[in-house]
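> Line by line, the protein sequences give chains A and B.
Residue 384 in this note's numbering is what sits at position 384 of the first sequence, and the numbering runs on without skipping anything.
Residue 217 in this note's numbering is what sits at position 217 of the second sequence, and the numbering runs on without skipping anything.
Because the hints were derived from the structure by calculation, they are not lab data.
The reader is advised that the hints may include incorrect statements.
Stated by the list, open to error - Listed next, the stretches of chain A that the computed footprint assigns to chain B, with coverage defined by at least 3 CB atoms under 8 Å from CB atoms of chain B:
{"hint": "1", "segment": "278-286"}
{"hint": "2", "segment": "312-325"}
{"hint": "3", "segment": "343-355"}
{"hint": "4", "segment": "382-396"}
{"hint": "5", "segment": "416-428"}
Unchecked claim - Selected chain A positions facing chain B (in silico; Cβ < 10 Å):
{"hint": "6", "residue": "86"}
{"hint": "7", "residue": "138"}
{"hint": "8", "residue": "142"}
{"hint": "9", "residue": "154"}
{"hint": "10", "residue": "155"}
{"hint": "11", "residue": "216"}
{"hint": "12", "residue": "300"}
Where is the CB? At the ideal position from N, CA and C, for every residue including glycine.
What follows is each chain in one-letter form.
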Amino acid sequence: MDAVSWMPFWILMSSVVPGVVIFFLSDHHKGLRTTLNMGGAVLKLVLIGFMVAGILKGRNYLFSLPLLPGMDLVLHADTMSVLIAALSGILWFVTTLYAIAYLEDSPQPRSRFFGFFSLCVSATIGIALSGNLVTFLIFYELLTLSTYPLVVHRGTPDSMRAGKIYLTYTLTGGAFVLIGVAWLRAIVGPLEFVQGGILSAWPSEFHNAFRAIFFLLVAGLGVKAALVPLHGWLPNAMVAPAPVSALLHAVAVVKAGAFGIVRVVYDVFGIEFAAQLGLLTPMAAAASVTIVYGSVRALSQDGLKKRLAFSTVSQVSYITLGAGILGPVATIGGMVHLVHQGLMKITLFFCAGNLAETLGVHRVSEMNGVGRRMPWTMAAFTVGALGMIGVPPIAGFVSKWYLGTGSVAAGANWVIWVLGASSLLNAMYFLPILHRAWFREPDGEWVQTATPHRLEIHWMLLLPPVLTALLSVLAGLLADAPFSPLEWARRIAQKEYLP
Amino acid sequence: MNAMQPSIGWLPEAVLMSALVTPVALALLSAMPLCRRHTPWMTVAAALPALFCALTAPVGWTVEFSWLVLESRFGMDATGKSFLLFTSLLWFLSAVFAVGYMAGDKKSYRFFFGFLLAMGGNFGLILAQDMLSYLVTFALMSFAAYGLVVHAQDAEAVRSGRVYIALVVIGEIFLFSALILHAGNGGDLNLPGLRGVLSAPAVAVLLALGFGIKAGAILLHVWLPLAHTVAPTPASAVLSGSMIKAGLLGWIRFLPPGAGGDAAWGAVFLAAGIIAAFYGVVIGLGQTHPKTVLAYSSISQMGLITVGFGIGLFAGNGAPALAGAVLLYAFHHALAKGALFLGVGVVGGLERRSRKRIWTTAFLGIAALSLAGAPLTTGAVAKTALKTVMIHLPVGWQEALAVLLPLSAVGTTMLMGRFFYTLRTYTAHHHASRMEFFSWISLIMLSTAVLFLMPESRQAVFAMLKPGSFWLSFWPVAAGAVLTAFVWFWNRRTGRSIPWRPPAGDLLIPVERVAGAGSRLAASLIGNGGWVSRRLSGDGKEDRAHEKPQRIEIWEASIRRWNTAGLIFAGTVCALLFVLS
């Protein structure tokens, strides 16, 4: 294998190695740990940058390692993997920055945290770069295991309980996926991800088995993608520290589920074949129920992070919805939302973390006037919230536009009702927050205390949300520019529908 | 277009886009603590590029940005030129007014931030030449204006703001859905090439309603009297004068009639317009706040403009004079209504019964007379233009309008009477500064002088001097004035007043009640200690209600346990084995 083939491997290692080394550091080695963290993050970004450039030049990044006879560990960078790999690369960088400032002074073991943090990102990157379903499954389970210590990091009874719930859900889901993969492997043989799918050539006596397998896979992946009624772990997991929630909701766990569904639909079954089997509409319906249900539940949450968590339940299902509608435009909508939702949601969680950290504000009802004390944080929050509602020209609007027009073009006009209801509900639970922050007089206990920093908060906590908010705006405003997430999603859709 | 005029290069980009970009950039700049001190002057300067653009950019300039949002097109056309001219004039003078008005306000920077963003959105949507750019700039304007509505932060402002933003969101969803339906079915998104939207019923209805909310169309108008009353005076002026016209422009841009016209849609708009014209007067006559009276007058006047738009739908695209009539009316209403709103701030700041206040009020009368359509005013010319295009209508409509339009002028005159009556006792919170006086007087002068700047309207003014046509525009105003005077004397003589006090927001009140009851019902069904959870848990102890999980949470918790998950898993595996065997 030449250097090109090793590229995916090095990208994976750029976070595995720091993660493993950090485990061996004692907690007071702050400088070294930070260097390793940031060094790995920067290196990964650079490598991903090289890889994107290579793919544009037509290079094929395929890394293969024999695992068992007839079963290879394959890392393959195609257009779809690059989308989520780039997203995790960027978001890992900002989240590491954030996490260092957020947690370095906390009493809990930090080496454990940052070690698992790196492994968690490695697993996500592995999921993104998996070249076949078995590799995907391995990283998918690794993600479950590496995230658990992050969820229970605080060690409080609450977080232990949340951790237990998290494991219950994800391990059960993982078992479903495992059975699905094993069964499919038994019928089909090697399960490489191929754009356009690999099953359509099989004779029709296998179709019922395929339907059952699809159900198993989507049900199992749907746990992490938080499809109702499999979403229960997500709102509980928000007891995790802010950087973990941010990563969990934006790119790591829920995206792993959504991305898995996308892979299964497009690159295992093939979307046209899935439609032929009649699998898409039930999935789109489940996604639609989730979209509305998550938003309705978000309405009555007073806890800020809990409200955001239910919002994630709703928003991630846009991706599944996009995969559930046959047609390139809807595909673009779902794909681009993988990135857009990540950018916007991570912004919101960073901001929630900042509010909790500096002002001790955890509830929406305590947010009166916070915009005056933390204008930058709340400006970023405002961008994220408006983007979630779908206000143009922020990124969320572009996703909704493509999902909507794609659905109409596919004859699924009912999706407009889902999008409309979701936007309305999003407005109903986000706009009151914005109103409180900007147009109410401050009345919290924090009014008496002075700001400790020259900025409203340490720069390493402020830069990440501002940066991701800016990216959310740019992703929408420059949607048609080269290298925008939208352009990349178009590139993917083009390949999935080639005749 | 650029290909045809290669020598001008980047000029169209610079001139057109500076109108949109300057206010937005200055808004972002004004948010920086360092620049906060300069915010007032930045606000004044922000409208100037748009004014310059309206005066100099030739019709036909188009610029395209393939990288912006989803391929944006901006450009200047005849409609846009006229809209941009009155819009930028009004924003500029309101900005000057605002600098004086907000001088003592500690939160003025927040006001100016919203003001600038809304300004940028308003200019941008006029120049937008594709549906998405229109939607983007329309959203920018609408959401930013929320900050203007709730600026006072008191209970009334918060309520008005809630109603305002609720309707903004609903309007956005309507427009978004309409555009998705249109584009998803392969429709053209470029505004100049738009045809046949009216024949797609769902799209047309959504567009008509979505823009109708902004235009204050009947039944969708409920936000308007609330928002225009509580907003700071300069914001009321732009809300009522120019932002509301964004709805009208939306109709004009998005719902172009085909060559043969569209009688059904024409009838809908005509009927809605006529009803609004009278409804605004009837409810407005019962209001007690001068700004609320003006807001209802806006609903009424927008009704008349809607009539003009409806005539256009009847006539089809073969009647260019028609567009002129609607534009002239919009132009006239923007300046006159802006002047009236600013006048409320100026007059209200003067000492009651002082000589200065009487003179100022009298001067404000010019704008009021113009709005009522008294002879030799802009209003009269606009109304005459509207009457002359009635020939495009079927006979029945023509006769009906020939009676109803003058009657609406009678109503407007009475409404202006009501306005001055309520203004008599109104006191604003501060004394108007020189800047406020300057901008207000300029606006009144402009709204009068504009007649003599345009050759067509100059001829129209001279034509009005003929006895016949003079009488036509004179009698409704005279009749309205006589009626107003009669009511006033009767009130003086008997000490009684007509018991007609509909609340501001009229139809909103029952809607709010129903919505409130609905949300209480929903809360009681799924919420803490509600009916359902009481039934389920079997006891009705209120004191522990807040500790009890919601019904829906109980359900979620039940599927969250190990044994449930295990059971589901085992069950599924068994089912699969069964299927396979």
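> Evaluate each hint against the coordinates.
Hints, verified against the model:
1. 278-286: violated (count 0)
2. 312-325: violated (count 0)
3. 343-355: violated (count 0)
4. 382-396: holds (count 6)
5. 416-428: Result for this restraint: holds, n = 6.
6. 86: violated (19 Å)
7. 138: violated (20 Å)
8. 142: violated (21 Å)
9. 154: Hint on residue 154 of chain A: violated, closest Cβ of chain B at ~20 Å, above 10 Å.
10. 155: For residue 155 of chain A, the interface hint is violated, since the closest Cβ of chain B sits about 21 Å away, which is over 10 Å.
11. 216: This hint holds: residue 216 of chain A lies near chain B, its Cβ roughly 8 Å from the closest one there, short of 10 Å.
12. 300: For residue 300 of chain A, the interface hint holds, since the closest Cβ of chain B sits about 7 Å away, which is under 10 Å.
Comparing the model with each numbered hint stated earlier shows that hints 1, 2, 3, 6, 7, 8, 9, 10 do not hold.
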